[in-house]
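Q: The primary structure of each chain is shown beneath.
Number of protein chains: 2
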Amino acid sequence: MIFEIHSTDPGSFARAGKLQTDHGEILTPIFMPVGTAGTVKGVHQRELLDDIEAQIILGNTYHLYLRPGLDILRKAGGLHKFNGWSKPILTDSGGYQVFSLKEIRKITEEGVYFNSHIDGSKHLFTPEYVMDIQRVIGGDIIMAFDECPPYPCDYKYAEKSMHLTHRWLKRCVERIQTTEPLYGHHQSLFPIVQGSVFPDLRVQSAEYIASQEQDGNAIGGLSVGEPAEEMYKMIEVVNAILPKDKPRYLMGVGTPENILEGIALGIDMFDCVMPTRNARNGMLFTTEGIINIRNKKWEDDFTPIDPGLGGYVSTFYSKAYLKHLMKCQELLGAQIASIHNLRFYLWLVGEARKHILAGDYASWKDQAVKKLMTRL
Amino acid sequence: MIFEIHSTDPGSFARAGKLQTDHGEILTPIFMPVGTAGTVKGVHQRELLDDIEAQIILGNTYHLYLRPGLDILRKAGGLHKFNGWSKPILTDSGGYQVFSLKEIRKITEEGVYFNSHIDGSKHLFTPEYVMDIQRVIGGDIIMAFDECPPYPCDYKYAEKSMHLTHRWLKRCVERIQTTEPLYGHHQSLFPIVQGSVFPDLRVQSAEYIASQEQDGNAIGGLSVGEPAEEMYKMIEVVNAILPKDKPRYLMGVGTPENILEGIALGIDMFDCVMPTRNARNGMLFTTEGIINIRNKKWEDDFTPIDPGLGGYVSTFYSKAYLKHLMKCQELLGAQIASIHNLRFYLWLVGEARKHILAGDYASWKDQAVKKLMTRL
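Line order of the protein sequences matches chains E and S.
Going by my numbering, the first residue of the first sequence is number 1, and it counts up by one from there.
Going by my numbering, the first residue of the second sequence is number 1, and it counts up by one from there.
There may be inaccurate statements among the hints.
Claimed, not checked - With a cut-off of at most 30 Å between alpha-carbon atoms, the simulated DSSO-like pairs for lysine-lysine come out as follows:
#1 S/K327 / E/K87
#2 S/K244 / S/K87
#3 E/K354 / S/K122
#4 E/K75 / S/K122
#5 S/K41 / E/K297
#6 S/K81 / S/K122
#7 E/K18 / E/K246
#8 E/K81 / S/K75
#9 S/K297 / E/K75
#10 S/K297 / E/K327
#11 E/K122 / S/K81
#12 E/K81 / S/K41
#13 E/K327 / S/K244
#14 S/K41 / S/K244
#15 S/K122 / E/K41
#16 S/K296 / E/K327
#17 S/K41 / S/K75
#18 E/K122 / S/K327
Everything labelled a hint here was simulated from the structure, so no lab data went into it.
Small disclaimer: the values here were computed from a predicted structure and weren't measured.
Isolated chain E, as found in the complex (with noise of 0.2 Å):
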């Protein structure tokens, strides 16, 4: 995988850059719409394509590994097969999913003990094992298998944790370096710095992180609870030391405003279910702020839902049919608000990246976090 940077802003540490996969480029800043179970609900794989102009997808190793499973997933040649998506993929390692079962997980040196959410069938993610199962589903880009301590967390429990995930980095790199791909493609393996909201763990984990020389780095933990300020803090203190020519992947994020400050902070990758989840409950990033399409006042507004992003869905429908739609619980409301949302991310690493190579991405950014983040 090859990262190029085009440009840096020059007030600020944001970056403008092309990651090159076997399945095309990515330009960066991006966006990546989360496909937990091999679809990102409710859109098309064309409208991800056509309406939404998506780079990359991600999918979710835990819920791909539960269904359809590995065998199906072989037997298809992959899940770009599978599904039909035939841009870059990403999958996560399954760690943030099954630490979030918290009343069936044991967590051990081997790995993590589970039951599954569907059927309480009872699995075991060792390090190992989650690359043998990111070989078959067949992503890009992959993610080391790591533990995300949840927020709050005392300062102990994080730094046993960060250890932990660091050990288990090592047995995900050796199998990697031991294994080959499945089917033909490059698949580049991501390690994940933890450390929670400490400093000087964070510092540590970077260091270990970058110490591995993968082709990419991504930051764990965060947008778990804590307040925005502390996030951005522990950007700042880790892309200091994550090396500035690979890509830097921050995980979960996040709100528009979380993005732009993220890009400001030199982050180049995102991903987030948030613009999928509100809108399936009403919630819409437009470019003139934030709607809360459930609200009385845009019953009889028959203007677009938003003009000024372009494409069918966001000029096609009017605010009040997709209100009338939200109401009355039809599928089509949590389709158009979805593809409506996931166009509205991907315009904004857009215009980012635009303002990053014209060198005016800081003042830019300050202006569009305050109309953006207005509710209607």
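Once you've looked at the hints, dock chain S against the given chain E.
A: Chain S alone, transformed into the frame defined by chain E:
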């Protein structure tokens, strides 16, 4: 509204024609997708046009009256403007829905008192009011307010109910004759033949309905639980009386077999929730036969859903992927299956039309029914 007959089949009563409305033409025989609350569930408007090739869709008066309500629909300029569907729309009269609310309605000469299934609020539908509502919705074809008796139903009740439907029809016709369309396009009223499964009542009703000399005529009260043979017999009896030069609409029917048999008996228009409702439950109609996509046998079948049908959805996605989506109750599963089944229904009536024009409809129909109703 102008109806032309292009061809009649020598071996049956099937005819191929064209219905001209102010929102464009409809080639018959035609299937009309059901868009209950102003949306065909899970389907974008452009998908109705491009993937399904729908020529006319239905809206349900009962649902649209309750939500978004007449105030919003009037302000929007009618349903076409509200949901962005610029081809023809047919609205039912709400009769079928309010009679389904068994516990919460009361039938009188004046009309039907009922409680909303949403919030329990009390409403009265009279024939006049239902015409006014359909003026506000603005469908190109609007239906008379009728009583749809259940099956089975004793002769006395069926007779009484039929006479009530006839008296209500008179009031509908008078209301339509003394009011104007609200949005500048013509609205045609279709009266509805009732009479349950009693041939003499059906004859009486068909004669009365024919005597109204409206733009088209409908047959109601079928496909409510009676054997298919009873339904075909009633259609035969009624179609011998309904004028040949007017379109005939068989309401709420049915399976591919029902539709092909109905066409053979001289029906021109059909609607049914079956393709979309069954899609959401995993039942697919294909050019090779019927598939229950939830069956284990499809889990590793990576061939397209139905290459013979053509179109993005049916040729891009595999059976294995759709089975996976259905198993995970992913929105995209319902979306894919709904588009596929509706495309199939439009393909079905398109094939029927071709064979009517070719003059071999009757023999083609028998083979087609056999193949298309096979369970794969």
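Q: Okay, which hints does this one fail, numbers in order?
A: The structure breaks hints 3, 4, 8, 10, 11, 13, 14, 15, 16; every other hint is satisfied.
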